[in-house]
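Dock chain B against the given chain A, drawing on the hints supplied.
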Amino acid sequence: MAGTGKAHLRPAGEALLRVEDLVVEFRIGRTGLKVNAVSGISFDVLPGETLGIVGESGCGKSTTGRAVMQLPRATSGSVVFDGRELTTLDKEEMREVRTKVQMIFQDPISSLNPRRKVRDIVMEPLLIWKRGSKQEQGEAVDKVLEEVGIDPQRAAESLPHQFSGGQCQRISIARSLVLEPQLIICDEPVSALDVSVQAQVINLLEDLKKAHGLTLIFIAHDLAVVKNISDRVAVMYLGKICEIGPSEGLYGRPAHPYTKVLLDSIPIPDPDVETRKVAVEGEPPSPVNPPSGCRFNPRCPNASDRCRTEEPIMREIDPGHFVACHHPLFGGEAPVTVRSA
Amino acid sequence: MNSSTPDRNEFEPLIETVNLKTHFRTPRGVARAVDGVSIQIRRGQSIGVVGESGSGKTVLSRSIMGLLPRNGVIREGSVRYGGEEIGNRTPKQMRSIWGREMAMIFQDPMTSLNPVMKVGRQVTESLRLHLGMSSSEAMAVAEKIFRDVRIPEPTRRLNQYPHELSGGMRQRVMIAIALACGPNMLFADEPTTALDVTVQAQILDLLAEQIRDRNMSMLLVTHNLGVVAGYTDEIAVMYGGKVVERAPTKTLFQNVKMPYTEALLQSIPRLNQPSHSRLAMIPGRPPDLVDPPAGCRFASRCAYVRELCRHEEPPLVQAETPDHTFACHFPVGSPEYHERRVELTRASGTTAGVS
Chain A
1 MAGTGKAHLR PAGEALLRVE DLVVEFRIGR TGLKVNAVSG ISFDVLPGET LGIVGESGCG
61 KSTTGRAVMQ LPRATSGSVV FDGRELTTLD KEEMREVRTK VQMIFQDPIS SLNPRRKVRD
121 IVMEPLLIWK RGSKQEQGEA VDKVLEEVGI DPQRAAESLP HQFSGGQCQR ISIARSLVLE
181 PQLIICDEPV SALDVSVQAQ VINLLEDLKK AHGLTLIFIA HDLAVVKNIS DRVAVMYLGK
241 ICEIGPSEGL YGRPAHPYTK VLLDSIPIPD PDVETRKVAV EGEPPSPVNP PSGCRFNPRC
301 PNASDRCRTE EPIMREIDPG HFVACHHPLF GGEAPVTVRS A
Chain B
1001 MNSSTPDRNE FEPLIETVNL KTHFRTPRGV ARAVDGVSIQ IRRGQSIGVV GESGSGKTVL
1061 SRSIMGLLPR NGVIREGSVR YGGEEIGNRT PKQMRSIWGR EMAMIFQDPM TSLNPVMKVG
1121 RQVTESLRLH LGMSSSEAMA VAEKIFRDVR IPEPTRRLNQ YPHELSGGMR QRVMIAIALA
1181 CGPNMLFADE PTTALDVTVQ AQILDLLAEQ IRDRNMSMLL VTHNLGVVAG YTDEIAVMYG
1241 GKVVERAPTK TLFQNVKMPY TEALLQSIPR LNQPSHSRLA MIPGRPPDLV DPPAGCRFAS
1301 RCAYVRELCR HEEPPLVQAE TPDHTFACHF PVGSPEYHER RVELTRASGT TAGVS
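Sequences listed follow chains A and B, in order.
Counting along the first sequence from 1, when you hit position 87 you're at 87 in the working numbering, and nothing is skipped either side.
Counting along the second sequence from 1, when you hit position 113 you're at 1113 in the working numbering, and nothing is skipped either side.
Here chain A stands alone, though its shape is the one from the complex (with noise of 0.2 Å):
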């Protein structure tokens, strides 16, 4: 997983959103330690798509959707969003890119001011900016509030706990499209909801993401909720990317080895399912100091010894699948490099 490597970004005039050689990391106090939590990682999102990203807690999933923002500052890298660099950008810049670029939470209640009446909490957005005339605002607040399904006249009148965590969610959600951003970051956003509820938002986002042509990043450990939301889905590991694909390849026939285990661990919600035992020992280790060459050698069953030293580089096995990995399930050895990690 090392995944360093560029080839499965797309021609930069295509891309909504390009990052390239993303690096952020972490002080640990005066101890001169360093979390390193993500590691030069790459990406890129068309206009109009939903990259999902997947991983285990600590792969610096959500970290990664934080520093498209500049929440905070990535250590280094470059992040072009709509034909912008990000990253050099001042504050006051930046404050008017982010009415462009919104971002959803996994905890709904906790990101909604609790002693705000809701239709006020939707409505800030649109007051800051000044758009519009004050009933313009109004008018916008209502439409978008019913979109997400929430009755307009009730969020007048009531605070945020007054709602359930599955209409928390959609209030958050109406707050990050009234001011008709094109790209949307989801953090987790169904992950603290119960099924039923889970369905009905991730439901929702699909449909909003057809009446306003939005494009999504949906970050994620559930795979199979990102499974069915996104187009092309990443998965992260340890601060790199191991592989990236269409979602129906990479999940049809995962090359990484990691992927492997990661689908392999999911339950079946079906008895009939032979349970499969444990596909993989031990946790992801400690990002302060993570493993030379591929950062999943010392958990992979098919590790060598040159995934102890080498970083593999990202290449195409299938068409638009990419894995980062000497020995990948299918599609062959990765060819040896003169350039090692």
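Since the hints were derived computationally from the structure, they do not count as laboratory data.
Please read these numbers as outputs of a predicted model, since none were measured by experiment.
So, partial list: chain B residues that the calculated Cβ filter (under 7 Å) puts toward chain A: (1) Glu1052; (2) Leu1225; (3) Ile1268.
Note that beta-carbon positions come from the ideal geometry of N, C-alpha and C, so glycine has one too.
Just chain B now, with coordinates in the frame of chain A:
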């Protein structure tokens, strides 16, 4: 390791509740969290309790084990363990049962372990208290149990504090504590929800193996139907404080009767579905337990609802499949169900339908 094993009769349930009710006094009124649940668990059986948040699944397991707050609780009905009534016991009287006869594994291993006590001592505590072992005896047993739950380097780990361990390791320590005194009955309340999917599979396999090796019974509380499918013999589906369907795991998945269970199964995104397939959803939200609706509690969200459902509460009845009960006037497969299904398919056309 069991001193007072209550297995007088193989066929007598290990745990039996009869019309168990646990209600909480809240500022808004009395919340009927568990509202008349009768359930039996046999020796060696694993039963899964599934439902949405607020369905009463966690309160049910805590009520059986006697882990409820002292104030503001109204409880009724009976809980029998090995034929003996334990529902009215005080916490002091329950002490002889906790740890030794019944143990519980909680969702969040970080907050349920004592952060300022070495994990070894947290395991030996109950061995010394309940089984009267000496400190060195208990340590030896703890080390063996650590090995059983596959904690690497058990000797070193015994001397560590919870914060020095990863999430998966902490959950193994919790399991070790629960297993230490050789209980007959294990309650596991969302034991893997806080863990990553690769670690979840490891922990579930470990639990299944320990249950089998020690011939324990388990009540597994979870919202994840994937987890119950692979790891339980029977499933009880809870809704609004009641059990609405109960069946052997295979039967439930093949011959679901209650429209709520069916809707729950259909709302899970599955790996074998193509991307962007429309998910079936259950409209609305679970009932208010302070003021539950008359009739069937699922009525307002049910696609197959009829007038009768809103007035008359359906009783739990036997299905044609063995050991299968459900509470529904117009179950999946009934003529009324089919009639409504045809109407729904016609109305929705091809866009919003599920299957």
